[in-house]
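Chain order of the listed sequences is A and B.
According to numbering that gives the first Met the number 0, the first sequence is numbered sequentially starting from 0.
According to numbering that gives the first Met the number 0, the second sequence is numbered sequentially starting from 0.
It cannot be assumed that every hint is accurate.
Unchecked claim - The calculated label-pair distances, taken between Cβ atoms and stated as ranges, are:
{"hint": "1", "chain 1": "A", "residue 1": "D386", "chain 2": "B", "residue 2": "E138", "range": "31 to 41 Å"}
{"hint": "2", "chain 1": "A", "residue 1": "N392", "chain 2": "B", "residue 2": "G55", "range": "57 to 67 Å"}
{"hint": "3", "chain 1": "B", "residue 1": "Y119", "chain 2": "A", "residue 2": "S269", "range": "17 to 27 Å"}
What the hints assert, rightly or not - Taking beta-carbon pairs under 8 Å as the criterion, some of the chain A residues facing chain B (in silico):
{"hint": "4", "residue": "T96"}
{"hint": "5", "residue": "D98"}
{"hint": "6", "residue": "L191"}
{"hint": "7", "residue": "R220"}
{"hint": "8", "residue": "S221"}
{"hint": "9", "residue": "E224"}
{"hint": "10", "residue": "T363"}
{"hint": "11", "residue": "Q366"}
{"hint": "12", "residue": "T371"}
{"hint": "13", "residue": "A373"}
Because the hints were derived from the structure by calculation, they are not lab data.
Where is the CB? At the ideal position from N, CA and C, for every residue including glycine.
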Amino acid sequence: MIKKTLDERAFHLLKEKMDEGLLPQWVLTDPDIYDLEIEKIYGHSWQFLGHETEIKEPGSYVTRWMVNDPVLLVRTREGEIKAFLNSCTHRGTQLCTADRGNKKTFTCPYHGWSYNLNGELVGIVAGNKVYGEEMDKSEWGLRPIPQVEMYQGMIFGNLDINAEPLEDYLGEMKWYLDILLGRSGGMEVRGLPQRWVAKANWKATAENFAADPYHVQTTHRSTVEMGISPEDPLYAGYGHQVVMKNAHGINVITSKTGKARVPFQGMPESMWPLFEKHLTPEQLDVQSKVTVFVGGVYPNLSFVSPIHGTEGHLHNYLNFRMWRPLGPDKVEVWCWFLIDKAAPEEYKEAAYRGYLGSFGPSGTLEQDDTETWARIVEVSKGLMMRDKELNYNSVSNYLMGYSHVKPDENFPGPGTAYPTTYIDALSRRMHEQWLDMISKGLFKEEVKQ
Amino acid sequence: MNLDIERKVTPELHLEITTLLNREAYFLDNRKYKEWLELLTDDLVYRMPLRETVEGVGVDDISKDMAFFEETKVSLTTRANRLYTKSAWVENPATRQRHFITNVTVEGTEKEDEFKVRSYFLFMRSRASTTDIEQMFGERNDIIRKVNGVWKISSRTIFPDQSVITTMNMSMFL
Numbered sequence: 000m001i002k003k004t005l006d007e008r009a010f011h012l013l014k015e016k017m018d019e020g021l022l023p024q025w026v027l028t029d030p031d032i033y034d035l036e037i038e039k040i041y042g043h044s045w046q047f048l049g050h051e052t053e054i055k056e057p058g059s060y061v062t063r064w065m066v067n068d069p070v071l072l073v074r075t076r077e078g079e080i081k082a083f084l085n086s087c088t089h090r091g092t093q094l095c096t097a098d099r100g101n102k103k104t105f106t107c108p109y110h111g112w113s114y115n116l117n118g119e120l121v122g123i124v125a126g127n128k129v130y131g132e133e134m135d136k137s138e139w140g141l142r143p144i145p146q147v148e149m150y151q152g153m154i155f156g157n158l159d160i161n162a163e164p165l166e167d168y169l170g171e172m173k174w175y176l177d178i179l180l181g182r183s184g185g186m187e188v189r190g191l192p193q194r195w196v197a198k199a200n201w202k203a204t205a206e207n208f209a210a211d212p213y214h215v216q217t218t219h220r221s222t223v224e225m226g227i228s229p230e231d232p233l234y235a236g237y238g239h240q241v242v243m244k245n246a247h248g249i250n251v252i253t254s255k256t257g258k259a260r261v262p263f264q265g266m267p268e269s270m271w272p273l274f275e276k277h278l279t280p281e282q283l284d285v286q287s288k289v290t291v292f293v294g295g296v297y298p299n300l301s302f303v304s305p306i307h308g309t310e311g312h313l314h315n316y317l318n319f320r321m322w323r324p325l326g327p328d329k330v331e332v333w334c335w336f337l338i339d340k341a342a343p344e345e346y347k348e349a350a351y352r353g354y355l356g357s358f359g360p361s362g363t364l365e366q367d368d369t370e371t372w373a374r375i376v377e378v379s380k381g382l383m384m385r386d387k388e389l390n391y392n393s394v395s396n397y398l399m400g401y402s403h404v405k406p407d408e409n410f411p412g413p414g415t416a417y418p419t420t421y422i423d424a425l426s427r428r429m430h431e432q433w434l435d436m437i438s439k440g441l442f443k444e445e446v447k448q
Numbered sequence: 000m001n002l003d004i005e006r007k008v009t010p011e012l013h014l015e016i017t018t019l020l021n022r023e024a025y026f027l028d029n030r031k032y033k034e035w036l037e038l039l040t041d042d043l044v045y046r047m048p049l050r051e052t053v054e055g056v057g058v059d060d061i062s063k064d065m066a067f068f069e070e071t072k073v074s075l076t077t078r079a080n081r082l083y084t085k086s087a088w089v090e091n092p093a094t095r096q097r098h099f100i101t102n103v104t105v106e107g108t109e110k111e112d113e114f115k116v117r118s119y120f121l122f123m124r125s126r127a128s129t130t131d132i133e134q135m136f137g138e139r140n141d142i143i144r145k146v147n148g149v150w151k152i153s154s155r156t157i158f159p160d161q162s163v164i165t166t167m168n169m170s171m172f173l
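Just chain A, with the same shape it has in the complex (with noise of 0.2 Å):
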């Protein structure tokens, strides 16, 4: 089906527009290419499961998804993390329902087959009786994600064990890591992850959380009508928008006059010493000039690192969320709440209830966002929009900085660094890396038929 209907002509025209910074609108929810980009895209990519922190004990678990993949993750009891398809292997039922426990063995409802933390089949109702000596169990454990890694204590999965390591998938990316998640010597989860369904393409939240801090100004006006932002309509545009390979990318939000609006993001003047300690001098000159951090990890995992409260009441956290896709116009929405361990209690209280207030579902502002990313997906659908041959135009605006707004040679950090966050740089980058894998081998198997 996929193959009638996108074809090789679409493509080429699909990506003449894209390199002149534009892209057709007919590709953010056509059921086809949301086929491709489950199989393509997600099929191949590093995909977050949770931070170790949630799973702290030796038979802590959680239940994950990788899109349509249900995970489970343990932490086994030599203490080592582990990721299995959360799926008897007996008749494939889903093995574990709970969001989080701690257990040592977990057994299927069905017929009561049950595994150990290591994924080993130990217990069989009735055995040998029924199935004879000759069945194998050690053949018969949890089948485990192919390949599962860490970085700075976020866990990953990816179900292509010829996918690249996680470190070098990061690559550039682990610097700016290094500072959201090391700066201090460590960050913890608190609690669940908030978890609701929008209406919306998984690209279009990724990309407007990652990529486009051009939004705050009129997305979020209403916190500057009630005098908590700046009027001034670039506030959130001062800064560097970073994109780095595989489509990652941070915005280095700061102020008019390039320094943060309040030093190290109104972390506790106590703190001040570890940043020192964690970061290098150039991780550090970035933190100390920083006044929000917000970017992504490609495909679906964006985060933030803002601040919020009044004056001699600031307060810093990181967010990170999920995007799981549910469909061309659905997304899951995972979202967690992270603080530095060293962080005093006082603050860490404080700093959550400021995220509550600020970001989730019942955040305030993002509130808002759910509306815009929801009018996208609803004039999707129409013959306009999804005509392939562009007939109408339908092709969207990413021409912000194209071509003329050269890379800042002198930023610290790696990557290529634009001297503006209101830049549609790394939102193109997104566009062309989507299209790389979506495409890739496409044609070629076309041709063979």
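Add chain B to chain A, keeping to what the hints say.
Just chain B now, with coordinates in the frame of chain A:
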């Protein structure tokens, strides 16, 4: 529960409290947030923890460490004030919403003018011209207190029944 306390919950009292909850629902459904805030005590505790899926029978499935709301009267006032701006796009154009409040039970406490009130909620919302109806349901545990002769809500804990929320945001108060 000793008899003295139980006896305090008269049909008249039950009616007064359900009238308060119905009035509250009316204010929320009609975007009268300033009037709604008047129904809350200044020392209000307003919470909405996550519901989680937990293995086992008779286990507590209310999250102790993550919530959607952890509010005070001050933070709720900020949230309400935002909905009076022109650019809180989530409610401009306004959504149409109804709070259906049922199964109200009232229980006395050690304090003469303070009652524990449990109610169920069904929240339904229609947005723009989309035909999808959003909904959320669950239970609320309140403390209702008489302040200067007027019943007010001094504590509310909202327990959603869903672990994954299906309203696309939570711009509503429950």
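How the hints compare with the structure:
Distance hint for D386/A and E138/B: a CB-CB separation of about 49 Å, inconsistent with the stated range 31 to 41 Å. As the Cβ distance of N392/A to G55/B is approximately 58 Å, the hint placing it in 57 to 67 Å holds. Our hint of 17 to 27 Å for Y119/B and S269/A is violated, since their Cβ atoms are close to 47 Å apart. About 6 Å separates the beta-carbon of T96/A from the nearest beta-carbon of chain B, less than 8 Å, and the hint is met.
The beta carbon of D98/A comes within 5 Å of a beta carbon in chain B, closer than 8 Å, and the hint placing it at the interface holds. Nearest Cβ of chain B to the Cβ of L191/A: about 5 Å, under the 8 Å cut. The hint holds. Restraint check, R220/A versus chain B: the minimum CB separation of about 4 Å is within 8 Å; hint holds. For S221/A, the interface hint holds, since its Cβ comes within 8 Å of a Cβ in chain B; the closest pair sits about 4 Å apart.
For E224/A, the interface hint holds, since its Cβ comes within 8 Å of a Cβ in chain B; the closest pair sits about 4 Å apart. Restraint check, T363/A versus chain B: the minimum CB separation of about 6 Å is within 8 Å; hint holds. Interface restraint check for Q366/A: the shortest CB-CB distance to chain B comes to about 4 Å, inside 8 Å, so the restraint holds. About 7 Å separates the beta-carbon of T371/A from the nearest beta-carbon of chain B, less than 8 Å, and the hint is met.
With its C-beta approaching chain B no nearer than about 6 Å, A373/A sits inside the 8 Å limit, and its interface hint holds.
The structure fails to meet hints 1, 3 from the earlier list, while all remaining hints are met.
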